[in-house]
Structures are given as C-alpha cells and as structure tokens.
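Given the structure of chain B, go ahead and fit chain S onto it with the hints provided.
Quick mapping for you: the protein sequence lines, in order, are chains B and S.
The first sequence: position 100 = 100 (UniProt numbering), numbered continuously.
The second sequence: position 111 = 111 (UniProt numbering), numbered continuously.
Quick caveat, the hints were computed from the structure, so don't treat them as lab data.
Where hints are given, some of them may not hold.
[What the hints assert, rightly or not] To give an idea of the interface, some chain S residues facing chain B are shown, with a C-beta separation under 10 angstroms as derived from the structure:
#, residue
1, 44
2, 66
3, 68
4, 180
[Said to hold, decoys possible] Covered stretches of chain B, going by a simulated chain S footprint (3 or more residues, C-beta under 8 angstroms):
#, region
5, 60-72
6, 81-94
Since the structure is predicted, the reported quantities are computational estimates derived from the model, not experimental observations.
Backbone N, C-alpha and C fix where the C-beta goes; we use that ideal spot for every residue, glycine too.
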Amino acid sequence: MSARSTVIKVFVAGVFALASGAVAAQDIGQVKVAKGTVMVERAGTSQPVKVGMAIKTSDKITTGADGSAGITFTDNSLVSVGPNSVFSIEKYSFDSTTHAGEFEGSLKKGKLAAVSGKMVKQAPESMKIRTPSAVMGVRGTEFVVQVDEPKSN
Amino acid sequence: MKRFTGLGAAGVLLILAAACAAPKTGPVAPELFAVLPSKEGKVGSIVVNSAGSSRVIDTAYGAQLIQPSGEMVGGKLTEADVRASFGSTLQALPGRPASFILYFLEGKDELTVESKKELERVFIELARRPLPDIVVIGHTDTVGSGPFNDKLSLQRAERLREMMVFMGLAAERVQAAGRGERELLVPTEDNVSEPRNRRVEINVR
Numbered sequence: 001m002s003a004r005s006t007v008i009k010v011f012v013a014g015v016f017a018l019a020s021g022a023v024a025a026q027d028i029g030q031v032k033v034a035k036g037t038v039m040v041e042r043a044g045t046s047q048p049v050k051v052g053m054a055i056k057t058s059d060k061i062t063t064g065a066d067g068s069a070g071i072t073f074t075d076n077s078l079v080s081v082g083p084n085s086v087f088s089i090e091k092y093s094f095d096s097t098t099h100a101g102e103f104e105g106s107l108k109k110g111k112l113a114a115v116s117g118k119m120v121k122q123a124p125e126s127m128k129i130r131t132p133s134a135v136m137g138v139r140g141t142e143f144v145v146q147v148d149e150p151k152s153n
Numbered sequence: 001m002k003r004f005t006g007l008g009a010a011g012v013l014l015i016l017a018a019a020c021a022a023p024k025t026g027p028v029a030p031e032l033f034a035v036l037p038s039k040e041g042k043v044g045s046i047v048v049n050s051a052g053s054s055r056v057i058d059t060a061y062g063a064q065l066i067q068p069s070g071e072m073v074g075g076k077l078t079e080a081d082v083r084a085s086f087g088s089t090l091q092a093l094p095g096r097p098a099s100f101i102l103y104f105l106e107g108k109d110e111l112t113v114e115s116k117k118e119l120e121r122v123f124i125e126l127a128r129r130p131l132p133d134i135v136v137i138g139h140t141d142t143v144g145s146g147p148f149n150d151k152l153s154l155q156r157a158e159r160l161r162e163m164m165v166f167m168g169l170a171a172e173r174v175q176a177a178g179r180g181e182r183e184l185l186v187p188t189e190d191n192v193s194e195p196r197n198r199r200v201e202i203n204v205r
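Excised from the complex, chain B in its bound form (with noise of 0.2 angstroms):
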C-alpha cells in the first residue's frame, strides 16, 4: 500500500467521523427567547442560554426565579419554560420530507407551555411530555403544565 493511500484512508475516515458526530449532535431547535438565569446542562458541563443558542437532544434546561426561555424545534414545534424549572429533551427526532417525528420532553418541576408542531399534526401523540407522575400525549395545539415542588412536613 502507497503512502498516499494511507493518506487518503486516513482522509476519509476524518470525515467519516466529523459526519457522524455531526448527526450524533444535531441541532433540533433554536433557543429565540431567554430571559433571568437559564442554564443548560450538555455533556456533563453547564453553559448560560443564550437567544439564538442551537439546542440537542438530552439537553437539560434550568431557570432561576426569574428566569424563562422559548425554543423553536425544527418542527415548528414551541417549547417555553417557566421561572424555576427543570426540563429536560429525552428525544428528538423529524424527517423534514414526511414530517414524521419522536419527541419526549421531561418537566421534573416548574412549568411549561407549548405549541405542538408538525410532527403531531402528521402522528398525534408523537410529542409526549413526562411528568414525575404522568406522560402526557399532544393530539394538537397549545397547552400547559405545571409540575410543582414536594411539600415536606
């Protein structure tokens, strides 16, 4: 084998992993709204949210008492998040040509409205919302939720 084989191997196997880390960290939303302290928890590191901010699967969100931020996912699906909240995005997934689509959100506390998108208009209750109590299925359109803090004695 040549050296300039080896090279090329070398070549395509760099891009090889560049595209499938670039489809294992895709953008499925963009953060348009953030307001107070909002934080989101990626591989293990915390960042400050900021407008404009690509947001991926496994994304954690967090506000303080002031904080709220409003993301658009590629689905055209609206996602905001209250003051004191922690939610995070389990799964993400649409296919632009046939709107077909997964997406599982988790509220552990605080508050959340939303918009569903055309993931749902093509399969309702593709979009879930979990709950430490309940999994809630959108068959259309705009609802909210409200997960609050245990009372302890």
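For chain S alone, kept in the frame of chain B given last:
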C-alpha cells in the same frame, strides 16, 4: 391560596397546591395539565396518563390536576388563572412560524406591484422577531426550459435574500433555494404562463 372553580355538579374546588399553605405529605408533587385555545380560537387536545388511568382534555382551559395523593381531578381554569400562573412562561413562547408568498413578473426576478407592497408587511413581521430564521424558496411557471427555470427560481429567491440582508437581517440567517417548476401552486401543462406559479415562498421561524 388560588381556587379554580367551575367543576360541575359536585361543586368541588380545585385547589392549586403551589399556592397552598397547608403542608402536603403525599408521594407526588401536585401536577397540573391544561389545554389553551389558539389565537384563532381552535382548541386541541392532550391525554394525561397517570397511575393506570388516562384522561383526555379537549376543551378550552380544561384541566387535570394530579393531587399529592396521586388522584387525578378534572376541572376548568379561567383565562385569568392561566395568566396569573403561566404569564411569564407564555410570554417566553417564541413567535409562531409564519409563511408568505410573493409574486413575480413573467420571466423576471422583479416583484409585481402588489407583492412589493406585501413585502413591507413581511418586513414588519420580521422586525417583530428577535432572531428570525428565514428560508426563501423560489418557483417559476412552466414557460421556458427546466434548467432556465431552475436558474430563474434561484435568482428570484436570491433577489429576496439580498433585499432582506440590505434591510439589516444577518446574512447567515437567510437561506435561499430554487425549486424551478417542480412545485407548481397551480398545476398546468408545460409552457403555460401562470402568474400564481411565479412566486417565492418566505418561511419565517
């Protein structure tokens, strides 16, 4: 303490435990789910599954409350309740995706007189959004060859894109694409001059 009334014959009061002073010792935190009417007044539905039971909410401001005991109670909120509890959350919802269609003169990348006026409305809508993402898709009618129309459709989209960048939108937030005569708004035979097919679609998110 906040009370949500309107619970039918039993006259039960739905008490939102967030604002409730009495200590709760149940296994779960209270959870509230509600459907809101859209701006156009349409009402959708959601289904809440908890502890083996399943409840559908399909009325405006219809709600289900999961109590600390785990019991699900149906009820209805008022618009004022929703505003009081979810005001800042709803305020953070991004703008609804919107789409506009502008029409062109035959064989040109110049807008019709009416569409030039419509363009002002598009710019007003864009200005209302803090960080719009825009996709401009150009189309043609079936007059001319396929390759010519591919080029013309892209030219139309690019023309709009340039105008938007000139108006101050960040270049990297505006994408342009041409679809030639592949997506006719009004289906026609080949070589038919159809004003409604000579257009760009502007999708704003």
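Here is what the structure says about each hint:
Look at residue 44(S): its Cβ gets to within about 3 angstroms of chain B, closer than 10 angstroms, so that hint holds up. Given hint, residue 66(S) at the interface with chain B, holds; its Cβ is 6 angstroms from that chain's nearest Cβ, closer than 10 angstroms. Checking residue 68(S) against chain B by beta carbon gives a least distance of about 7 angstroms; that is within 10 angstroms, so the hint holds. Interface hint at residue 180(S): violated, since its Cβ lies 18 angstroms from the closest Cβ of chain B, which is beyond the 10 angstroms cut-off.
As drawn, the region 60-72 of chain B meets chain S at 5 residues by the rule of a beta-carbon pair under 8 angstroms; at three or more, the given contact holds. Note: the region 81-94 of chain B has 3 residues with beta-carbon separation from chain S under 8 angstroms; the three-residue rule is met and the coverage holds.
The structure fails to meet hint 4 from the earlier list, while all remaining hints are met.
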